[in-house]
Amino acid sequence: MKETKKRTFTCGLDAAIAVMGGKWKGLILFALQDAPLRFGELRRAVPGISERVLILQLREMESTGLLHREVYHQVPPKVEYSLTAFGQSLNTAMGPLGEWGEEHIERIEAIPWDQVG
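Position in the sequence shown (first residue = 1) + 37 = my numbering.
Everything labelled a hint here was simulated from the structure, so no lab data went into it.
Think of the CB as a built atom: it goes at the ideal place given N, C-alpha and C, for glycine as much as any other residue.
Any given hint could turn out to be false.
Derived Cβ-Cβ restraints for the label pairs, each shown as a range [as the list claims (entries may be wrong)]:
id: 1; residue 1: A52; residue 2: E107; range: 23 to 31 Å
id: 2; residue 1: E136; residue 2: G102; range: 24 to 32 Å
id: 3; residue 1: P84; residue 2: Y109; range: 22 to 30 Å
As a list, the in silico DSBU-like pairs of lysine-lysine whose alpha-carbon atoms are at most 30 Å apart [unchecked claim]:
id: 4; residue 1: K43; residue 2: K60
id: 5; residue 1: K60; residue 2: K42
id: 6; residue 1: K60; residue 2: K115
Given only the sequences and the hints, what does the whole structure look like? Please build it.
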């Protein structure tokens, strides 16, 4: 039997970033904020994401409890993704961060990212 790996975090921000870190999870959460979506709808709602990366991100988000995957046993098969209460609460928490990004988007876009670091 595989042993469950547990993590400890230095603070709440560390824990939150562990759950939603990366480029795509926030965009997927945002896309799902109003209603459940099917895979193809999600792929269109998150421009630039590859099918492989979307599959991996959805699996990870399901395993961390951010979203629910509902399989409808019909022909053709139908699968919908929706936010759990945990995912909704993270979306709510990310709202002010998105507002900050909108407020400063011109300054952020002007950063010479290839020279940072």
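Hint check results:
Between A52 and E107 the C-beta distance comes to about 27 Å, which sits within the given range of 23 to 31 Å. As the Cβ distance of E136 to G102 is approximately 25 Å, the hint placing it in 24 to 32 Å holds. Remark: the range hint 22 to 30 Å for P84 to Y109 is upheld by a beta-carbon distance near 26 Å. A distance of roughly 23 Å separates the Cα atoms of K43 and K60; the hinted pair therefore holds under the 30 Å criterion.
The suggested pairing of K60 with K42 holds, with an alpha-carbon distance near 24 Å, which does not exceed 30 Å. The hinted pair formed by K60 and K115 meets the criterion: a straight-line CA distance of about 27 Å does not exceed 30 Å.
Violated hints: none; the structure is consistent with every hint.
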